[in-house]
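With the hints as a guide, dock the two chains, each given alone in a separate frame, to form the complex.
Quick note, the sequences are listed as chains A and B, same order.
All residue numbers for the first sequence refer to numbering that gives the first Met the number 0, where the first residue is 0 and numbers rise by one.
All residue numbers for the second sequence refer to numbering that gives the first Met the number 0, where the first residue is 0 and numbers rise by one.
Since the hints were made in silico from the structure, they are not lab data.
Glycine included, C-beta positions come from ideal geometry on N, C-alpha and C.
Among the hints, a few may not be true.
[What the hints assert, rightly or not] Computed footprint of chain A on chain B; a stretch qualifies when at least three of its residues, placed anywhere within it, have a C-beta under 8 Å from a C-beta of chain A:
no.: 1; region: 28-35
no.: 2; region: 52-60
no.: 3; region: 92-106
no.: 4; region: 215-222
no.: 5; region: 270-281
[To be verified] Pulled a few chain A residues facing chain B out of the computed Cβ check, cut under 8 Å:
no.: 6; residue: Phe287
no.: 7; residue: Leu290
no.: 8; residue: Ala291
no.: 9; residue: Val295
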Amino acid sequence: MRSRLRNYAAQPARSVMTGKQESGVMKLKRIDTRKLEEGIFKALMILSTCVVVSALLVILGVILFRGFNSLSIEMVTARPRSGYREGGILNAIVGSLLVGGGATALALAMSLPLVFYMNVYVRRESLTPRVMRFVMDLMWGVPSIVYGAFGFIIMSTFGMRASLGAAIIAVSLLELPIMVRAMDEVMRMAPIEIEEASYSMGATGFETAFKVILRQTLPGLATAVLMAFGRGIGDTAAVLFTAGFSDSVPTSLSSPAATLPLAVFFQLGTPFMDVQERAYAAAAILTFIVLAVSIVSRLVARATSRHVVR
Amino acid sequence: MDSRLLTDRMSRHVFFVLTFLVCLVMVILAVVLWIKSLPVVQATSLRDVLFTSDWNPEEGKFGLLPYMAGTVFVTALAMLLAAPMSILVAVYLSEYAPGWVRVAILPVMDVLSGIPSIVYGVVGVLVVVPAVGKFSDMLGLYSSGYSLLAGGIVLAVMVSPFIISVGREVLSTVPAGLRDASLSLGATKWQTVKFVVLRRARAGMVAAVMLGFSRAFGETIAVLMVVGNVAQIPKSLFDPAYPLPALLANKYGEMMSVPLYDSALLFSAFVLLAVVLLFNAMARLAMKMISN
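Bound conformation, chain B alone (with noise of 0.2 Å):
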């Protein structure tokens, strides 16, 4: 056979390996982490390890409840500032902006997005808790600054780039076709946008926003710098949290001589995936539907 031929299939069957491989990767991953998450299960309950409070590794007590309801805390109060402020920046640039600010910010979404976790944890410690210690200070509330608020904000700023963008991409499939027809029955630009673009990239939206939770949800350097990583179901805004994958990353890895700890720490690895991916594929499977 021709050798040009030859080089063809051979890449052919090679590629199709590698791709299927990279796929099985995937489910390597999710498999692997049940199965090491297995042992914790089996000692206690999925209901214990998920609804309670005790975590006491020397015992044998794994309640991951404060370290959920730390993340979930967070991460909603990141959402609930980065989402609407997202958003408006999203319209703007979309719909609003002169050509020149909107070559302007570009790159600064750019940069934004680029910048490391870690580096965001630096800037939340120097300048993010010492700000929430004053100010709750001023409400006479005493915190040290490493605080749920902190996490929140510092989370908040670091998901927007990323809900701007994938909302921007959203408003820009709104055909243009509909804004001229809105226009031309007389309709302001702001209704044109309330009622024609937004509702018709609504869903969109939706689906910006939990790309963004999902973002969120993981994000681990950062957080854990500035949230204060204290074990409890936190009260206040002011109260220090400790999410789930501040516990992986300051635990995994020490104390495996303990029994069932590593698993228990990978069940947590396990949940954060589980829950990523679920919210990741509602949003892309919301998107697809949009586009077509």
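Excised from the complex, chain A in its bound form (with noise of 0.2 Å):
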């Protein structure tokens, strides 16, 4: 790197040295190509930037424009009814949250403690904790279809049906992951100090953990939960073996339940239009909720952030 930093450095001063040799406009078309090179690339970025951005438009204009065409109340309200062309989707959305609350409950349980012993009980950057972070960044990267056909084996192997509970599972496997790397960040930055402070007021591990610790990360960690959240009730993969649609409301763990993604899925894959216009209506319902898990997670965030030591 160095040799061509010297480089381009010696640029200018070079020209300068020869300057009186050259003539003005190779001088001028010198800057000129330095300063083009910079401007195309620049365009270049800015371009992408705003397709991007364009994207972002298109895919929330064109959702809820076609999605509150076909939506009223009777969709958030009733349960499907003469196959599917009157009545709602209640059961996609009571499914939905069940699962999702679900998923992430079980997540939650799982991942708390793991996360206090990677940086509460051992050292945050000794062997285990260092482990842990890239098993999490593998399991992070498995797709959720590999998640949903290993929720099948699961429950084909203890003769369960395909079920809320199953779908749980599945589901708290692919939320498991996203949920310990955003909170072991948020841990990671916690001041060691405050950990200092506890252990030499005499509290144990397990009382700094949960009675200081927390208390400190909480904004970052109910993010990380509805982060979760979101993630688990828009994924379609991990359900698809192990929900098992059907069209009334889950009433118990064995009961089969049907989700939001689901019910866009099956609903578009039918030649019928007006069964069509009802999974539009579920995907605007869908990315209304997701976007509202993103605002709360960060109302939330300042709303907890009051206990936090800075």
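In structure tokens form, the structure reads like this:
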């Protein structure tokens, strides 16, 4: 790198020295190509950014516009009737919230101890946390369809049927690495002095974790939980084989459940226009929920930052 | 013993076991998929399954080649579209953009990466597929629009926020001192970006693209909805393709009575897992090495 630095850094100097022999035009040209290249790339950068932003606008515009055309009060308050031609998608809305909520609760119960172990019980940068972080990175990358297939295998091995419970297990596997990574990120940032202060007052590791560090990192943890919830509620592939679509609202862990992504997927797959319209409505509701979760997570982060020591 | 100390001891052991179990899940996942896919590999051969294109479950023929080709092509196309654009956006956001642009764009990225894949699929069906169909008509190719190109475009939009956010993270690790040194030697802003910042962040940017690749490789629903699902090796951008995850999503859970069918599908899941893990591991290790 040093040689390259010297090369171009020397450029302007050389042109000053030989400037008298060069014609004014040539001098102008050299400056121009430097500026031109920068100009082109800057234009490309701004263009790319505009493309990304407009992609979002198109997505939201299309989904909300098409969805709100077919959205009605009945859509969110009734179960489907007469072969998904009439009624609403209450079954899918409730199913989604149950699957998302259950999976998030399960993932939280597993990830909180994990993150505390990595950051409070052992030293943050020692071998165990480093290995754990790597494993979590790997788990985070596993495609959700693979979790879905794995969930189906677990399900059939234990003689379960496709149900709310099975869907919760599959989705919680998907959410776990998302949650752990986000929580770990927050806990690593917590000042080590707070931990040391807590120990020096005679607190145990358990007390330090749950009474001090938990409070300090609460805003970040809340964001992590909501982020995982948003991801879990919107996932299709993990629940495709495990939820077992049904048009009634699930009453227990062993009853089959519908979710919003599945409702979109199956209803869009039919050749009937009026059933497809309902898929657009379901997609709009799903998008609305995901957006709401992301806004709420910002608000929650602000509301819980009262106890944070800065 | 003091009950406080007891709680602490107990929690330490319980938490360790939990941590260990979660690590074990990853191993179990890989092992279970491999065991389940063994029958098909033993009945035919690894080479037959991976490199022949004869897929006929009733006759016991399980050639995954068209599906593998579909996955590789659609992912490669998506990366071709997404990688240059995402790197440009990442560089713009971390080096050039004024503060207000950054403040305005970051939520956009958050929202884009939070949108469920099924929603991308719906928009793909409503917008991208008809557009690709029209475009192919203009070229005189008459495609339905459900094609490799539509899949690539949808996938590119899905992975770019991810590549951008990893790319920004990488660029933020470049020490400010390097930039200052370069600028003080008389380099222009662009020269600094090109010869100092990007040179330093090169490996990290490659890692970001690889992570995006592995993300795109396993993406199922959105691609399945727009790519056409015809089991063939696509010959042009406007041909339909049939990626591995789509095969798994469409066929798994049904027709379990056909011998070896279940095993062949789980083998395709194993292939997905193996490729994604390989790319992820390489990218993560590369990023670890940079940050040290």
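Hints, one by one, checked against the model:
{"no.": "1", "hint": "28-35", "result": "holds (count 4)"}
{"no.": "2", "hint": "52-60", "result": "violated (count 0)"}
{"no.": "3", "hint": "92-106", "result": "holds (count 5)"}
{"no.": "4", "hint": "215-222", "result": "holds (count 5)"}
{"no.": "5", "hint": "270-281", "result": "holds (count 7)"}
{"no.": "6", "hint": "Phe287", "result": "11 Å, violated"}
{"no.": "7", "hint": "Leu290", "result": "7 Å, holds"}
{"no.": "8", "hint": "Ala291", "result": "11 Å, violated"}
{"no.": "9", "hint": "Val295", "result": "12 Å, violated"}
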